[in-house]
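Protein chains: 2
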Amino acid sequence: MEDRSMASPATHAAAPLREMKWSPAEKAVARRAFDLALRRELEAVVREAKDRATKIQEPSELWELERWLAERRHEIDRKYDYRYSVLPLVLAALLNEGRLAEDDLHGLGQDKLDAVRRATLP
Amino acid sequence: MEDRSMASPATHAAAPLREMKWSPAEKAVARRAFDLALRRELEAVVREAKDRATKIQEPSELWELERWLAERRHEIDRKYDYRYSVLPLVLAALLNEGRLAEDDLHGLGQDKLDAVRRATLP
Numbered sequence: 001m002e003d004r005s006m007a008s009p010a011t012h013a014a015a016p017l018r019e020m021k022w023s024p025a026e027k028a029v030a031r032r033a034f035d036l037a038l039r040r041e042l043e044a045v046v047r048e049a050k051d052r053a054t055k056i057q058e059p060s061e062l063w064e065l066e067r068w069l070a071e072r073r074h075e076i077d078r079k080y081d082y083r084y085s086v087l088p089l090v091l092a093a094l095l096n097e098g099r100l101a102e103d104d105l106h107g108l109g110q111d112k113l114d115a116v117r118r119a120t121l122p
Numbered sequence: 001m002e003d004r005s006m007a008s009p010a011t012h013a014a015a016p017l018r019e020m021k022w023s024p025a026e027k028a029v030a031r032r033a034f035d036l037a038l039r040r041e042l043e044a045v046v047r048e049a050k051d052r053a054t055k056i057q058e059p060s061e062l063w064e065l066e067r068w069l070a071e072r073r074h075e076i077d078r079k080y081d082y083r084y085s086v087l088p089l090v091l092a093a094l095l096n097e098g099r100l101a102e103d104d105l106h107g108l109g110q111d112k113l114d115a116v117r118r119a120t121l122p
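Respectively, the protein sequence lines represent chains A and L.
Just so it is clear: in the first sequence, position 87 is 87 by the numbering used here, and no numbers are missing.
Just so it is clear: in the second sequence, position 42 is 42 by the numbering used here, and no numbers are missing.
Because the hints were derived from the structure by calculation, they are not lab data.
Some hints could be false.
Chain copies aren't distinguished; within one or between two, either way the pair holds.
Stated by the list, open to error - Below, computed lysine-lysine pairings styled on DSSO-like, alpha-carbon distance capped at 30 Å:
| no. | residue 1 | residue 2 |
| --- | --- | --- |
| 1 | Lys79 | Lys50 |
| 2 | Lys55 | Lys79 |
| 3 | Lys27 | Lys79 |
Whenever a hint applies, use it, and build me the whole structure from the sequences.
Here's what the structure looks like:
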């Protein structure tokens, strides 16, 4: 069986995410962007929760609010995964959602920016 | 071993809850009181949920609100048990909490009122 990681050693094929090396400066940039997006997302959930609570008219809507909060919590737990092996995918998702701008990633190496771009929707 | 249910057949000992017979009129009174208390309790939860949401300042308080709603839901599910075999105990608990007044039980037979009173805190 062919070893695909050896297939084209001269074409500068993208390094697998797991093999990327993150410098301390890159880690600081990534952490700042990650925390910024998380804070923005949590603030948006706070605003929407207050709005939903204000509009409750029927008791059944209490349990809809409870379910909606649980869904937001699970979604946030799932999305904000800081392992370096998946971080470019996470950052790409946050760009796609508009939680981050390209400028927020300034300072990442080209290999990380390329990986983010590959995972960003056109 | 002595059969305690046979101990004093002439003293009008309280009938076990499970053996009480509920007339259609008594069932209607009980249902109305039960539904009234449940509606009052749910309205109180709606009011408090709105108040709690208004006061949220930190994202962590979102999950406190979620947990509080889940606790209220479980507590209400547990408390509002309409089986006739436990209904006098349920009505007694609702009197104790101030969700019902004695007048709300007007129309129940003396055996049910006695059972409610026995279960009501002094």
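Now the hints, each set against the structure:
1. Lys79 - Lys50: Result: close both inside a copy and across copies, 23 Å intra and 28 Å inter.
2. Lys55 - Lys79: both (28 Å within a copy, 27 Å between copies)
3. Lys27 - Lys79: within (18 Å within a copy, 52 Å between copies)
In terms of the numbered hints stated before, the structure departs from none.
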